[in-house]
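*Asks:* If you want the building blocks of each chain, they are given just below.
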Amino acid sequence: MAVNDTLEGTHKIHEEAAAQRPGQLMPILNDFSQELTTLNLGPTHPATHGIFQNILQMDGERIVSGVPTIGYIHRAFEKLAERKPFYQITTLTDRMNYCSSPINNLGWHMTVEKLLGVTVPKRAQYIRVIMMELARIADHLICNSILGVDTGAFTGFLYVFQEREKIYEIYEEVCGARLTTNMGRVGGMERDLSPAALDKLRAWLKSFPAVMKEFENMFNRNRIFMDRVVNVGPISAEKALSYGFTGPNLRAAGVDYDVRAMNPYSSYEDFEFDIPVGTNGDTYDRFIVRNEEIWQSLRIINQALDKLPDGPYHADAPHYYLPTKPEVYKNMEALIYHFKIVMGEIDAPVGEVYHSVEGGNGELGFYLISDGGRTPYRLHFRRPCFIYYQAYPEMAVGTTLSDAIVILSSMNVIAGELDA
Amino acid sequence: MTPQDAAAPEAPVAEDPIKAQNAQVLALLTRLFGEGTFTNVNEPYGLLTATTTRERIHEIVAGLQQDQELKFHFLTTMCGINYPENPGQELGMIYHLHSMTKNIRLRLKIFFPIADPVVPTLTDLYNTANWMEREAYDFFGIIFTGHPNLIRILNVEDMDYHPMRREYPVEDGTREDKTDLFFGR
Chain C
1 MAVNDTLEGT HKIHEEAAAQ RPGQLMPILN DFSQELTTLN LGPTHPATHG IFQNILQMDG
61 ERIVSGVPTI GYIHRAFEKL AERKPFYQIT TLTDRMNYCS SPINNLGWHM TVEKLLGVTV
121 PKRAQYIRVI MMELARIADH LICNSILGVD TGAFTGFLYV FQEREKIYEI YEEVCGARLT
181 TNMGRVGGME RDLSPAALDK LRAWLKSFPA VMKEFENMFN RNRIFMDRVV NVGPISAEKA
241 LSYGFTGPNL RAAGVDYDVR AMNPYSSYED FEFDIPVGTN GDTYDRFIVR NEEIWQSLRI
301 INQALDKLPD GPYHADAPHY YLPTKPEVYK NMEALIYHFK IVMGEIDAPV GEVYHSVEGG
361 NGELGFYLIS DGGRTPYRLH FRRPCFIYYQ AYPEMAVGTT LSDAIVILSS MNVIAGELDA
Chain Z
1 MTPQDAAAPE APVAEDPIKA QNAQVLALLT RLFGEGTFTN VNEPYGLLTA TTTRERIHEI
61 VAGLQQDQEL KFHFLTTMCG INYPENPGQE LGMIYHLHSM TKNIRLRLKI FFPIADPVVP
121 TLTDLYNTAN WMEREAYDFF GIIFTGHPNL IRILNVEDMD YHPMRREYPV EDGTREDKTD
181 LFFGR
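Top line first, the protein sequences correspond to chains C and Z. UniProt numbering puts the first residue of the first sequence at 1, with every later residue one more than the last. UniProt numbering puts the first residue of the second sequence at 1, with every later residue one more than the last.
These are calculated hints, taken from the structure and not from any lab test. Careful: at least some of the hints might be erroneous.
As the list claims (entries may be wrong) - The calculated lysine-lysine pairs, modelled on PhoX-like cross-linking and capped at a C-alpha distance of 25 Å, are: (1) Z/102 with C/122; (2) C/166 with C/200; (3) C/122 with C/79; (4) C/79 with C/340; (5) C/166 with C/330; (6) Z/102 with Z/71; (7) Z/19 with C/114; (8) C/239 with C/122; (9) Z/19 with Z/71; (10) Z/19 with C/239; (11) Z/102 with C/239; (12) C/213 with C/166.
Chain Z on its own, in the form it takes in the complex (with noise of 0.2 Å):
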């Protein structure tokens, strides 16, 4: 599975509405970062979803914070995300910003290799961002650059690995008494 296809197909009921305000938005998003900086752009239930990479990731978070015009003061949330069968992008992080004053959302993604998990940090943009990023470091084994204190937040200091990846199963796939015969787990 790529992340193309994990981007959802148009909401049922596309509202137009929303509609219209994504496409100002991202109209105004190609005039401040440039034609050709987003790629993937969709509206997935009727939140505007672009992906861009991770060397940009950081000047396109800024600007948007200090525009005037949109003013995405609040990081909602950011998670990570692991796709083991597209190599050269199997990891990625995913923002979700949140402009308050035009109640408009904004989900950003960035994609880049499992062998070099470097991601800039936005702790300077917000606060938020720094526990949020412990997660992803703790879950995922990202390594955001500039992080003031990048330690595991929710698993055990000693763990030698990072679990949400997909290579490790929630069961332990060598039982035998779990598999069941009909349904196939």
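Isolated chain C (complex conformation) (with noise of 0.2 Å):
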């Protein structure tokens, strides 16, 4: 029997499974007819950049339909959440999207500022987005050359890290830590850009895009990278949609969807910058609009460092700001304030918010509902690969394994922010 007939006798077993349980996406195969292999994929694999498993039903190379299992790093943020005061969860979001730290962490103080109705000054914000692009450039440095590697070119991956080095030590300047940030207060920023910041930003703002136009020479027009990803894992708009994608995923299906756009929070609204989108929404797409936005990002951090404004570089809140260490030591005021905020003893209004930022991967969305005390009554992270990642099973049938794990490598599934 040829090679296509066994094929299209299996998608048929994979259509009627699927007609007769609709809404199931993974067909449990009992059908013994056709000798299918387990295959397990993960937990730990080194080709999956996290811990989730797929139980894989091969088909010789083929794949016939997959299973994910998820949770395996679950910490239930949500639940410790409705224990913490409102400045100790940004130590919990920053461990979702570890690739993007920045971004949750000032997401979730953007959320909390809008509950509470603290205005931050422009400096803040225009700090805030230089950090938030910078988060983004590292998330996508990350996600395109892995999936390089993941095609097997090695060596855009070295080179495009030591520039996330790069942004790392940026990192450092701003908030002292270079992968669970914990950046940023509310209220503002816990401290202003310094002059090394600034020179290490400046440099690295010269430095950066000679390295980014190589590596784009070196993929975007590579045939040895391009016979591996187009036409891979395409999935529809409307497919797209109805699965919640949200950020580059769904832009490279042709929605030109972001929040930065749509919503805009953090002055996104004075800064000048296309949403690149695709068309097919295929890893090549994927891979293509993340480079895209990775200039459109730089283009945004050079408005912001050019237009940066002077003044303070947090809001006078000083109930729910955290004093600076020097102004504690000195200042009566200061020193309640501190003790009152790190003891809890500030309570929030009641409230319910709902604020979404454009995280690296999506719609990174906080749902708040406070009663009045000091800790959240319920937080609810919407975090964007969770909602996403339940498409890549029906993204991954019909394809063989290789092309199954740069499709995972193309999502930019963070195992830390899908299991929360």
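Taking the hints as your guide, dock the two standalone chains into a single complex.
*Replies:* So, in structure tokens, the structure goes:
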């Protein structure tokens, strides 16, 4: 029997099973007339970039069905958040999408500020924009370069990882940490951009475009790379919307939805940038959209740096903004507020607020219900990759194992965010 | 605390265009689904919020999705909630819908007794509802009728309780070494 006949038979079984159980993504195949192999991909597999498992049914090289299992690093963030004062929840958020933790931190601060009705000064907003765009570049660099590694091109990864390292050095100057940044405070930033941070940022802005150009030269029209990614794992715009795709993955499918443009926050309306969209939503489109977003992020950073206003870097909200250490040592009021905030003695107003930011991989939402206490009554994170990862079996079925790895890689699924 | 209390007061500075848009959407909602369908209508921080019943939620969401004017094509998120002090309405589901063409967000809530936590599924309308509902089942024990694969998603399968319910504290209540005489925790 020819290979294609076998394949057709498998797809027929798959379709019949799907018709019998509508809505079921992963039909359980009990037909033993075909010789299917069960392949356990994960939970720890060098090619999955995180701890999640897929039990694949393989017909030779082809994937017939896949059942994802997630939750291996679930840490009950939503439950923990019901116990923690607002400023302590920041450290939970940067452990979600750890490839772009500043976006998570600052998104959370903006949610709390929205609840409290605190307006952050322009300078702090611009610094936040710079940091969030740096985080987006770091996130996209990792995703795209790892996609290269998964197709067998290691050079690009090593090359741009140096640049990510420089971004992390800028983080260090701004908040003192690299990975779990705990950046900013409710009400602004915890410190102003130091001269060292500005120097590093300016130097990086000069050196990075050349590297990015070279990275693009290496991949964008590379025949071997394109053979591996073009038309692999495509998803239509309707399907992508139904699956709750957001971020670059949705834009690659041709929907120009970007939270930064649609519901601007933190003064994004002041900057000029384009929203790149793809056409077929395949792996290649996702790759190209991310690359283009890096250029757009650079544009935003340059504009923000040029227009960086003078003024305070935090709001005048002593009840909520954690005072700086030198202030606490010198000043009685600062000491009192520091004590009250750290001990969680300051109650938040009653209210419920949904705030979303454009995270590295999609719309990162915070739904906060406050009953007027020191902690949220309920906090729900809209974690973009938890929502779109459920489309993975559908995208992987019918492809080969090597394609499935590439699709997974291009979806930018971050285990910490997936499991929260 | 009741869900009515949880609903926030008006945003400090209510922006007029948002208010006008919400009023329009609300008018359309009442026209489509009839008077009295929605209770507790308010707009905390500019996001139109309404409470309805579990009997009608599926029909309403389907109607909103198919409505040519509103086109709520996108289910942003849904989550469970537990108010133990609300007899008969202990558990709830909160849906966030988004109309990308008009850029309107809408929050729908339903409440139901904890003894009978059965809600219709939305998986036939949005593929994305699948895992969200599994998450709500996992953490709150809400049963979604018609869901194709309602099993735990983040917790282990042999867990025998639903941990996000308020009856399960984060810390062990019997421990004394963590009690603080001055601050009461």
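*Asks:* Take the hints in turn and mark each one as holding or not.
*Replies:* Against the structure, the hints:
1. Z/102 with C/122: Violated. Residue 102 of chain Z to residue 122 of chain C sits at ~28 Å, over the 25 Å cutoff.
2. C/166 with C/200: holds, 8 Å
3. C/122 with C/79: Between residue 122 of chain C and residue 79 of chain C the Cα gap is close to 34 Å, so the pair fails against 25 Å, i.e. violated.
4. C/79 with C/340: holds, 23 Å
5. C/166 with C/330: violated, 35 Å
6. Z/102 with Z/71: holds, 8 Å
7. Z/19 with C/114: Roughly 17 Å separates the two Cα atoms, so the pair holds.
8. C/239 with C/122: With a Cα-Cα distance of about 39 Å, the restraint between residue 239 of chain C and residue 122 of chain C is violated, given a limit of 25 Å.
9. Z/19 with Z/71: Judged against 25 Å, a Cα distance of about 19 Å means the pair holds.
10. Z/19 with C/239: Given pair residue 19 of chain Z, residue 239 of chain C is violated - Cα atoms ~32 Å apart, limit 25 Å.
11. Z/102 with C/239: OK: residue 102 of chain Z and residue 239 of chain C at ~20 Å, within 25 Å.
12. C/213 with C/166: holds, 17 Å
In the structure shown, a violation is registered for the earlier hints numbered 1, 3, 5, 8, 10, in ascending order.
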